[in-house]
Amino acid sequence: MSSRTDGIALPDLLLTEAVKDLEADTPLRDDAALAQALAAGDERQTRIVQRARRLAADTGLDRDLARLRDRLLLLGLALAALGIVLALLVAMALLGQGRHINAVAAIALLIAPNLAGIVAWALLTVLGARSQGGAFGRAVAALARHRRAPAHVRRVWPSAARVLDAQHLTAWALGGLNHLLWALVYAAAALIVGVVLALNQYRLGWETTILAPQTLHDAAQAIAWLPEHLGLPAQVPEQLDDPDASRLLGRWLIASTLAYGSLPRTLLALLCGAVLMRAHRGTLDLDEPYYRRLIARFEALAPTRVLDAEHAAPAPAHAAAAGGGEPGTLVLIGFELPQELALPSALLDRAAWSERVDGGLEEREALLRRIADHPPARLLLACHAPSTPDRGTLRFIEAARAGSIALLLLPAPDAAQLARWRDWLAACGRGDITVHADAGVVLSPHG
Amino acid sequence: MAERLALAVVGHTNAGKTSLLRTLTRRRDFGEVSSQPGTTRHVEAVELASDEGVRLRFLDTPGLEDPIGLLHALGPLRADMTPPQRIRAFLATRAADEAFEQEAKVLRALLEVDAALFVIDAREPVLAKFRCEVEILASCGRPVLPVLNFVRDAGSREAEWGALLADFALHAQVRFDAVAPFDGAEAQLYDSLALLLPARQAPLRAVAAFVERERAARDEAGRRLVADALLALAALRRTLEREELADAARKAAALEAFRAEALERARRAVRELLDLHAFARSDAELAMLPWLDGRWAADLFHPETLRDAGARLGKGAAIGAGVGLAVDAATAGLSLGAAAALGATIGGAISQGFGPLGRRVADALQGRESLSLEDSVLLVAAQRLLGLHFALQARGHAAEGRVELERNAVAMERLQSVLGALQPARAHPEWAAEDSPRREAARRELLARLRQVDNPRSP
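Chains as they are written, first to last, in my numbering: chain A, 1 to 447; chain B, 1001 to 1459.
Read the hints as simulated data drawn from the structure, not as lab findings.
Just so you know, not all the hints are guaranteed correct.
The following label-pair restraints were derived from C-beta to C-beta distances [said to hold, decoys possible]:
1. B:1448 x A:218: 17 to 25 Å
2. B:1250 x A:25: 44 to 52 Å
3. B:1416 x A:281: 52 to 60 Å
4. B:1280 x A:366: 25 to 33 Å
5. B:1202 x A:41: 20 to 28 Å
6. A:151 x B:1409: 38 to 46 Å
7. B:1267 x A:7: 32 to 40 Å
8. A:154 x B:1112: 51 to 59 Å
9. B:1417 x A:339: 52 to 60 Å
10. B:1003 x A:411: 45 to 53 Å
11. B:1409 x A:154: 52 to 60 Å
12. B:1093 x A:23: 41 to 49 Å
Bear in mind the structure is a predicted one, so any value in this text is a computation, not a measurement.
Glycine included, C-beta positions come from ideal geometry on N, C-alpha and C.
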């Protein structure tokens, strides 16, 4: 149909797939929806989506979808709350017990799991890009299908999961949520640590038994590289017994939390968002039997138009001059017969004269003149049984002047061919003409 | 590419013009088709729209019934006019409104279109009237593509017709059987048209590619449909309680209900295949299919059929009690028993996890038995459904008469691999009703094997 669209918006895709699931066992009544879809345009996907929208509205599926969206929003808020709790835990881990904080150990505790988490997500995304969704997505889909899941979730979620899977978006969607949560956690943790350090006096430093203190100092310096480049205050004191050492290390700790915790997670969340935004249009798999059947139905509904209507019945042919003719004479005409088909010899013996006519105009008129000159009592027209009778044949019959006219079908016709010729003569108003299937009958005294 | 082309379909009465259009547009309901001459008495338009925006408008015309008389009525070609001018002059006469009213419709349509498809019943002897017909059509100033219909008939006179058409400079010809089209005949028809209409080559080639794409898409969809049905049948399972098994009447009723459920699923696949290929379910001819009436049951669960299928599976009498003891028609095709179910489940457990296995073990311990379809039934269902898909694919939308499944039957040996891919479904009764990623994976595997089964009729 007309030019292909760029794709279908994700919500529409989801709705269409949900309607497909709903119709899996018993198709919905869709007369109105089909008509509306046909009016929506020529493009197949547009039509299918339009039909699904209407059916979704009729069956309350669109409300289910809206409810699911609301629930997801609530879930997001719950996740944010969880994030705050996690942030408190992180802050407690950073601040440790007592008033003495090992800054390097604290930041290692913070960076290591975060970087490990990021690497794990990246590996899963790259490796899982080909497989259909991650284990988590599968688990959620299985839960949503569970008997005890709310009806609106059961009706919408499986198709939503399938759409995301088909678009290879599950990993990005789940990853986006995950990164957003952790970005929030680390930002909140930095805030909490900041507040705590602002209002309490802590001693920050580092301790070691087997390493040289300089090693830890170098490590702290290396960690400070990123936040310093980002313009955050992350200066590492030269000596731990400097009066400013704890103050500087406190700022270093907060800056590092933001630089290695919040920042990468925020950037990754943005990346996931960008991927989702870019892929927010998808296409239907039109090779699926369900969609193919819909396409077949749409095509069957395309209107046909009568352009040059029948405005007059074919003019009734003028009646033949019946009766008369030279008594007892039989004339046999082979009318438009294939060359290899011979006229029955018994009939040829019996006939006063016979002729074959291919149907050319001059030939035909000469023959008609010959008949008119000496009209026979019986004119037997041998016609090709499998051929379709046409108006040309009728015109010849009408023009032939003979006592009576009969048709003989050659080769011996089957019942359908015989009926066709008889019905045709009746339809032309010449039911009086006998159609013979057998040359023997013509020769018999009653023939 | 938004382009429009108009094509007139012309020819002698009853040559199969409307049939050709039904097949080209896949519209079984288009126009009226009968063996009676002059069934189409008006000019009717129907469109074929490609996905790239090319619209072909076909004009179905009444048959030319008296070309000799018409050629005479057109009068001689005067030196001061071109052949199309002669046609226009004739259309202005009274004869065009009266004696030759139908023929005039054909000529009017011809003057409006980009090209004409000239449908010829190749079984007809080449007579003077047909020579006149070719002469008239060739003189309308439009490209004419002769379409030889019924060329597969024993009485076809294709060579004679080819010679006659060549005499009138109609060298490009297409063989097309409206009832049982050749593979790729549609695309070939549009490609030939493209040669006749150099200026419209791009859109016509696009349509040729489009119909090929559509054919491939329908083939894929049909195979998916068969895969879904087979998975659902293989997954079909019912657990019978100990008490149900003890009571002969209740057991018989349960078996019958299970069989009915299987048949309904298979029937649904038949209906969907008809929909997919745009054949109406109400078609009287199609209703003659053994599959849509009661004989279906006899076919799918017929002990003879199943025994045959079992033998081909290489398992012979071991296929199951029902088939082994032909007298017990009540259980033919059904596998009943904890042990059999357990075996199938263990087989599937390696790839499918051990959850179902535990359930089966529990069933076995509590004296419950599990009812499912035997491999032989699945094999027969696969053969019949694929055969129907192939038969409908090769069937013209003008075809009358019953669908010949026999000609499209796939050898059961070739379906062995399909059967293998169905086994995982035995461990997942829930697949009979709903989708899941695991079922998707099994479906992909099954489809890969179904795609390797070719239509036995195509070379």
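These are the hints, each one checked on the structure:
Between residue 1448 (chain B) and residue 218 (chain A) the CB atoms are about 58 Å apart, so this pair departs from the stated range of 17 to 25 Å. Distance hint check for residue 1250 (chain B) and residue 25 (chain A): the Cβ-Cβ separation is about 27 Å, which falls outside the suggested range of 44 to 52 Å. Taking the beta carbon of each, residue 1416 (chain B) and residue 281 (chain A) are about 43 Å apart, not inside 52 to 60 Å as hinted. The hinted window of 25 to 33 Å between residue 1280 (chain B) and residue 366 (chain A) is violated, with their beta carbons roughly 52 Å apart.
At roughly 23 Å, the beta-carbon separation of residue 1202 (chain B) and residue 41 (chain A) lies within the given 20 to 28 Å, and the hint holds. For residue 151 (chain A) and residue 1409 (chain B), the hinted distance range of 38 to 46 Å is satisfied, since their beta carbons lie about 45 Å from each other. Between residue 1267 (chain B) and residue 7 (chain A) the CB atoms are about 36 Å apart, so this pair conforms to the stated range of 32 to 40 Å. As the Cβ distance of residue 154 (chain A) to residue 1112 (chain B) is approximately 57 Å, the hint placing it in 51 to 59 Å holds.
For residue 1417 (chain B) and residue 339 (chain A), the Cβ-Cβ distance of about 55 Å falls inside the hinted range of 52 to 60 Å, so the restraint holds. A beta carbon spacing of about 49 Å between residue 1003 (chain B) and residue 411 (chain A) agrees with the range 45 to 53 Å that was offered as a hint. Here the CB-CB span from residue 1409 (chain B) to residue 154 (chain A) is close to 41 Å, at odds with the stated 52 to 60 Å. In this structure the supplied range 41 to 49 Å is violated for residue 1093 (chain B) paired with residue 23 (chain A), their Cβ-Cβ distance being about 58 Å.
In summary, the numbered hints that this structure violates are 1, 2, 3, 4, 11 and 12.
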